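Please build the complete structure, drawing on both the sequences and the hints.
Protein sequence lines correspond, in order, to chains A and B. Counted the way the working numbering counts, the first sequence spans residues 1 to 136. Counted the way the working numbering counts, the second sequence spans residues 1 to 351.
To be clear, the hints were calculated from the coordinates, so they are not data collected in a lab. It is possible that part of the hints are untrue.
In silico DSS-like pairs for lysine-lysine, Cα to Cα no more than 27 Å straight-line [to be verified]: (1) B:K175 to B:K133; (2) B:K216 to B:K133; (3) A:K102 to A:K28; (4) B:K346 to B:K240; (5) B:K342 to A:K102; (6) B:K88 to A:K115; (7) A:K52 to B:K316; (8) A:K110 to B:K325; (9) B:K325 to A:K115; (10) B:K316 to A:K56; (11) A:K115 to B:K340; (12) B:K17 to B:K34; (13) A:K115 to A:K47; (14) B:K88 to A:K56; (15) B:K247 to B:K285; (16) A:K115 to B:K17; (17) A:K110 to B:K342; (18) B:K17 to B:K325; (19) B:K88 to B:K175; (20) B:K325 to B:K175; (21) B:K316 to A:K110; (22) A:K102 to B:K325; (23) B:K34 to B:K325; (24) B:K88 to B:K342; (25) A:K102 to B:K175; (26) B:K88 to B:K346; (27) B:K346 to A:K115; (28) B:K34 to B:K285; (29) B:K133 to A:K52; (30) B:K285 to B:K316; (31) B:K240 to B:K17; (32) A:K102 to B:K340; (33) B:K240 to B:K34; (34) A:K52 to A:K28; (35) B:K133 to A:K115.
Nothing here was measured: the structure is a model prediction, and the numbers come from that model.
Here are the chains, one letter per residue:
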Amino acid sequence: MAMVSAREWREIPGRYNLIGSKCGCCGKIFFPSRSFCPDCRRAGIGKMEPFKLSRKGEVYSFSINHEYSGFNGRMMPYAVAFIRNDDGVMLAGQLVDVDLDKIEIGMRVKAVMRKLNEDGAAGVIHYGFKFVPDNE
Amino acid sequence: MTGIVSYGAYVPRYRIKPEEIGRVWGANGAAMGKGLMITQKSVPAPDEDTVTIATTAARDMLDRVPEVNPADIGAVYIGSESHPYAVKPTSSIVAEAIGATPNMTAADLEFACKAGTAGIQAGMGLVASGMVKYAVAIGADTSQGAPGDALEYSASAGGAAYLIGNENCIATINKTLSFTTDTPDFWRREGMMYPVHGGRFSGEPAYFRHVTSAAKMMMEAMGTTPADYNYVVLHQPNGKFPTRAAKMLGFSDEQLAPGLLTPVIGNTYSGAVPLGLAHVLDQAKPGDRILVTSYGSGAGSDAFDITVTDEIARFKRDNAPILDKILADPVYIDYAIYAKFKETIKMPEEE
Ligand SMILES: [Zn+2]
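Put into structure tokens, the structure is as follows:
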């Protein structure tokens, strides 16, 4: 039966709003959020702050997926991409509402909220970020 | 004075034309489109629903007022007849997605196509009384028409969000009033997938009576005539109804056209009047006066008398795309893709 795990519920700020964390010691930004800075180690303990990442960025690399995959079955084929956001953080996600033959490295994109998956017709709907072309 | 501090709008990228729908059902789609005054309608992508449409509109709304702290939003109301869950609010998801939670109230509203404007009224009350600093009211829908039914030619998707407040309003709401009766012109029972409409009954005693009564009551209350308004925005289930209602009230095509989007996006239900008003605000200038009248089957109309302020000149409208930009570059789909998007094609069971 479809369930929402406590872990998934805790991840909502990240999946909806790109809330990561920033080390108060060295300034490094992490996404998903971390409670411990691997660079500063003990010096950084207790200094990690929530950090809202920019929703804008550019395509760093991408690939087109032709393998049938669950919820995306009605959107085949679809693009997945690494996005370097404007804070310099690398984010992985789907690239939608895009002409597949027009995707380019460096293309400006922005994160939007979309349905990621749903646990059948009776279960919970999982929302999170995907990327669309940013034409501004 | 209470009014609109910011707004944002969103319409999905996909479109289908009435000719294509008619082709599948052996009907004259071109004639159908002409009769309804609809050239195409928007279709949501498979990963879009009322939550994602409302969230996109609300985020654009907030991007235009970076000085507003989302934590100061004390209420979020979302009007729709296509909330994704029967039980589990759309409004709490959207409130979370715009950073307004947790010190706030939220609720989903339903009143056919006027639940969005009902949310604006509720928000105005909370703001004007000082109970909250800001309220967000959103009208959004991904409406369904039964395959082959006349509604299939118009039922579309889209929405717009309004930030209601007391300070720095780009448009003040001078007055709002409503006209409501028990009129069974259109309904959908719990568990039914598609709505039922009362055929011809949905015209005269329903749409036209409520829209013209509310608009006339407003002009009487304000001591105005159609000549006092730069724009009129009326509920638009198709292009024909608002065009006729505007004429009945004495408004010109020039006053109606900027707020009439249904001919190019279809009937976005709860999103219709909020989107029409957003398109007007996209081009409005200080001093412009706007008469708005929504309509929801069942039945009721909410009217608003609005004056655009000098604040709109400082408003950071360009922080988010205007509707003409959102509507540019659509992707046309055929009926097979449309059926796939709408989940009317049965897919294999998930593991
Ligand atoms: Zn560090």
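For this session: Could you work out which earlier hints the structure fails to respect and list their numbers in ascending sequence?
Result: Checked against the structure, the hints that fail are numbers 2, 3, 4, 13, 14, 19, 20, 25, 28 and 35, while the rest are satisfied.
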